[in-house]
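Protein chains in written order, with the numbering used here: chain S, 54 to 399; chain L, 54 to 399; chain F, 54 to 399; chain D, 54 to 399.
It is possible that some hints are incorrect.
Pairs count within a copy or across copies, as identical chains cannot be separated in the list.
Said to hold, decoys possible - Below, computed lysine-lysine pairings styled on PhoX-like, alpha-carbon distance capped at 20 Å:
hint: 1; residue 1: Lys104; residue 2: Lys330
hint: 2; residue 1: Lys104; residue 2: Lys313
hint: 3; residue 1: Lys165; residue 2: Lys330
hint: 4; residue 1: Lys318; residue 2: Lys104
hint: 5; residue 1: Lys165; residue 2: Lys178
hint: 6; residue 1: Lys56; residue 2: Lys145
hint: 7; residue 1: Lys78; residue 2: Lys56
hint: 8; residue 1: Lys145; residue 2: Lys83
These are calculated hints, taken from the structure and not from any lab test.
Bear in mind the structure is a predicted one, so any value in this text is a computation, not a measurement.
Protein chains: 4
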Amino acid sequence: MIKAGIIGATGYAGNEIVRLLLGHKEVEIKWLYSKSFAGQDYASIYRNLFKIVDSPCIADDISSLADEVDVIFTATPQGFLASVLTDELLAKAKFIDLSADYRIKDVATYEKWYKLEHKSPELIKKAVYGLCEINRKDIAGTRLLANPGCFTTCSILTAYPLVKEGLIDADTLIINALSGVSGAGRGAKVANLFCEVNESAKAYGVTNHRHTPEIEEQLSYANGSPIMINFTPHLVPMNRGIFATETATLKSGVTAEDIKAAYEKHYGNEQFIRLMKDDQVPETRFVEGSNFVDIGFKVDERTNRVVMMGAIDNLVKGAAGQAVQNMNIMFGFDEAEGLRAIPMVP
Amino acid sequence: MIKAGIIGATGYAGNEIVRLLLGHKEVEIKWLYSKSFAGQDYASIYRNLFKIVDSPCIADDISSLADEVDVIFTATPQGFLASVLTDELLAKAKFIDLSADYRIKDVATYEKWYKLEHKSPELIKKAVYGLCEINRKDIAGTRLLANPGCFTTCSILTAYPLVKEGLIDADTLIINALSGVSGAGRGAKVANLFCEVNESAKAYGVTNHRHTPEIEEQLSYANGSPIMINFTPHLVPMNRGIFATETATLKSGVTAEDIKAAYEKHYGNEQFIRLMKDDQVPETRFVEGSNFVDIGFKVDERTNRVVMMGAIDNLVKGAAGQAVQNMNIMFGFDEAEGLRAIPMVP
Amino acid sequence: MIKAGIIGATGYAGNEIVRLLLGHKEVEIKWLYSKSFAGQDYASIYRNLFKIVDSPCIADDISSLADEVDVIFTATPQGFLASVLTDELLAKAKFIDLSADYRIKDVATYEKWYKLEHKSPELIKKAVYGLCEINRKDIAGTRLLANPGCFTTCSILTAYPLVKEGLIDADTLIINALSGVSGAGRGAKVANLFCEVNESAKAYGVTNHRHTPEIEEQLSYANGSPIMINFTPHLVPMNRGIFATETATLKSGVTAEDIKAAYEKHYGNEQFIRLMKDDQVPETRFVEGSNFVDIGFKVDERTNRVVMMGAIDNLVKGAAGQAVQNMNIMFGFDEAEGLRAIPMVP
Amino acid sequence: MIKAGIIGATGYAGNEIVRLLLGHKEVEIKWLYSKSFAGQDYASIYRNLFKIVDSPCIADDISSLADEVDVIFTATPQGFLASVLTDELLAKAKFIDLSADYRIKDVATYEKWYKLEHKSPELIKKAVYGLCEINRKDIAGTRLLANPGCFTTCSILTAYPLVKEGLIDADTLIINALSGVSGAGRGAKVANLFCEVNESAKAYGVTNHRHTPEIEEQLSYANGSPIMINFTPHLVPMNRGIFATETATLKSGVTAEDIKAAYEKHYGNEQFIRLMKDDQVPETRFVEGSNFVDIGFKVDERTNRVVMMGAIDNLVKGAAGQAVQNMNIMFGFDEAEGLRAIPMVP
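Bound-form chain S, shown alone (with noise of 0.2 Å):
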């Protein structure tokens, strides 16, 4: 039984974070950390935890907060935990850090991107990006763990093997994805009002949303050389959920069984991730709620390009799932422990 903490407890991660090691047998949550509401009942804010959560948020000094437990979850805004994270921090608890602060590695890059200034660029080196599928060895033996972005974790690993196995052409990769609204938190801006969001689609970051670099940084290691795509994000209403369809055209020779082949390499064995099987296509409704990464794809032989396609749930394995995936890696647990939850339909 490990203790943790969680800062930024009362965003929608923060509490998904909650919500699921509330049914994980190794962790005990010891505290709730938020500004914004410190001295509030935690359940008063989120009230799906009445009579389940008894306790008020905090925001004490977080060094001591760092000696009750083993590991803190940061669900916080960019630039946070860069600011605070120290060494010394770093022995007294693992880091499972779910902005943006230590997934790219080059600093200059994250710099331009974000438009901020890294606080403790000399410990981005020491962070493992989590993507539990492809860095599982690595996230094993971190004390500061990246979790990777939602529509991140759902572009790279529905190109991954493709991209790895090189059957196609890298630089034709071109990814337009979905999100539900809860992947824009739980500020107060009119841009998500009900009334703004409900009955609408639209592109939004279009040629400078912020995972870009992430995606391309993770799938040119896959590629082994440097690849650069367009990602255009948009939100669409609904709560929950991203669906990632990506297109590229294919290398000369590769067939649909090649592609299979290659998912299934790559695939076969991880619990979280399920093939469709043929011709069939994801959709978000069939993960929500789950740790699962939906991927399906079909080969366009008149164009000659594949239309790959990935479907998860952006508060789970999108954000709070895979964090808790990364810290039952970090801490040696069964590695699906508090992740078994069953798509909820409807």
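Position chains L, F and D relative to chain S; hints supplied.
Just chains L, F and D now, with coordinates in the frame of chain S:
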């Protein structure tokens, strides 16, 4: 470990039973019965269960199927179970019926409201009405469980303590309720198409909704004499959830403290009923995916009325969850087994 | 051709006034006033009006602005108009106020329910309550129009003929209403975020919603003596629409025919009120985008009660549409001018 | 004043034609044809038109019906018009066909993608493809108008100027599009039930959606040589709206200014096409209920690609609105007559 079969497994309530039983330690699902989808893989219909359930729907002889299991759930249209159930079948397996066939003791009332001839009226007296928090003792001893309707579960539990303790004038009770669309089932009807339901609200079944006599019968038992109510259900554009708003005139001298005490007396020890703190109003999102009933109330001193409010997930406490809770009672399991899921927000 | 100014033009109701006036033959919009967005292009905020409205929001001196127009619409927070209106301003332009400032005749009642000091109580007596179908004659002669609230418009019109004709026991009237989220306005509040509202239903303002005294005052006039009601509003996940369900005990001997006759007597010639055919229930989608009020009812002979139901678009008949209808009456235009849009389905 | 008949009047597109023609000064609706609902009051099906349309659906002999009108709209399944149309009928009335029967010039292509035998291939050459902004001159002279599909209208108009002016490498064009659910029609299918569609996103028709050859044919004309694209549509939970995101590689040296100039050249004088200001992205809510096409773009200098984006209301510009616009052109009316509705927000 007991064995269960589910008839009507491809409806929304049927699928929810499957989902809950998959997380239940004491139950193995033996077969999934569906006339419409016999021979098809269950997971091809409910792809949330892809790689989790690996069996086809069947539609074999029910008598033989009953030999294989300890309990049969029927999530079927009104009239189905009444037309097939016999003492012989009841001797083979316990039945938990999610239809209305055995809920109403007076067969004439059933036939009038449901416009159906009851094919096995002699079995009605063997049935126990499965409102767990009220009838726990009788439930434990029955082999034929009439699982309450979704509106009725929410409506009755919200008003029960005040009726039972004589705090309100039961003849003044007016119930208005809101339901998500999953309550209408998975049949291919124009009225339930996305574009017919989305962005709209309406009442339906006004003065003649079939849950009316069920609510009246149970509250009449609590009242000690017959009562009649007005029950008006409404359809609102969401997947899950029932919200009941119930207004009644207080008997002379009754205070908010009296009401609070009555709720505490009857529900203070109930793990699935959460009594809101003063002035808090339930919201369906805070019970979604769970077996909770959230109940709140407000006294209006101007009009000497009380407004009681209850919220449930119609597919869990309003159907499959309560069915599993009843099964737990009937088989002597921990009453919360398989039902500990925390509501998921958002 | 008259000239109009709109104060509070960037709220949802303000924008709806703009939209409706743009289709009105007798009105030119002279200016759009918004404190929060002064200087910004109106069409940059409401991009539905891109290439249609080409002027910035202003926040100039109201007295000077009043010189430029014949009518001023105020779609502003409670208390705003009461704090700026004077006889001098009223001499310059007619005012149509969408706030509650001049709706309630008894200033003490206003101050109690709104928890605000009324800054110009002496002007209240000059105001006419703008429920067009009831007060048409007085509306024609006023310079200060108190435009009714959304819930109140729907609630009063639905019950008015039965109260006026003495068909129901007015003391037994219970009103439950459902509202879309646009009624909550465009302010940046967590409670109105998509993910807080979507997939949920709840009551709010239970026993203390501010539309209660407004409904009571108007129905008391109809009744000939004071009545008190219970009014319980609910929030449901849709953009527009109000649905009111009203239950009351029938006076002795009253029949469905009497009720039908009462509705016909009062509304038979009203172009914006549609009396449903027997047994039909209104739905908000069938009035969306229009100035219609759809009204239906059902007598419950078992309980001797009537269930009355009304549906409106909260931003049209419940706000901007009724404001334009009032303007039409006040200036002697065709009452339907600018209001002939047909409801849009789906 | 001309007379119009509508075949397939009870589908969503049919109803939208009715709604638009009711606001058109030059057209009288003569009859509403519906096989499924023959004999039923039209307003009992579309109750938004209660007290507005007072006639039953009919299913009489089409040849006789054609004698009564100047124009017939067919909002019917693929294959219907092709199976009934003759030169004789065309001599009686002009036809505006919302199905795909006469959109594609090559009958083999039609038969391959639609898996239907074309019953009147000899008439295809008489048809004009009714993309108003591109084919205005030919539309004016035809008696047989093939009204474009919803996805195609949005997809083609968004890319047309760049293809026509040779600014992009047309072979690299990738189109991803999102659609609201009304595009799927009003048929009673499980897949379109509220609970199957709400809170989910998915792709469909991947590599084989029937709008693909239609987009390819029209863009090939613009390109001057055949092109093939990948078109991937997605279903998102909203009633109306299409959003197209189109990515293509820029030809050498092409700048954002060149692209802007191309759009201005082709659409600068178009009243229904709104070119977004720099960096603004269309949103479907800003065109809802209107005939507008909102188009924006962004150049990605990193990848040398352009991302083009278009938004329409699928039932208006994507179906009924464009049909009315085509009628206006065919009969010499003001092209905007009946189509001046301002988008409604929210």
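Hints, verified against the model:
In the homo-oligomer, the alpha carbons of Lys104 and Lys330 lie at most 20 Å apart only across protomers (11 Å), although the nearest pairing inside one protomer, at 42 Å, exceeds that limit. In this assembly of identical chains, the alpha carbons of Lys104 and Lys313 lie at most 20 Å apart only when taken from different copies (17 Å versus 47 Å within one copy). Proximity of Lys165 to Lys330 under the C-alpha cut-off of 20 Å is found in neither arrangement, the shortest distances being 41 Å within a copy and 25 Å between copies. When the C-alpha separation of Lys318 and Lys104 is checked against a cutoff of 20 Å, the pair qualifies only between copies, where the shortest distance is 17 Å, while the shortest distance within a copy is 46 Å.
When the C-alpha separation of Lys165 and Lys178 is checked against a cutoff of 20 Å, the pair qualifies only within one copy, where the shortest distance is 18 Å, while the shortest distance between copies is 56 Å. For a Cα distance limit of 20 Å, the shortest separation of Lys56 from Lys145 inside one copy, 12 Å, qualifies, whereas the shortest one across copies, 48 Å, does not. Within a single copy, Lys78 and Lys56 get their C-alpha atoms as close as 11 Å, which meets the 20 Å cut-off; across copies the closest is 26 Å, which misses it. Taking identical chains as interchangeable, the C-alpha atoms of Lys145 and Lys83 lie at most 20 Å apart only when both belong to the same chain, with a minimum of 15 Å there against 49 Å between chains.
In summary, the one numbered hint that this structure violates is 3.
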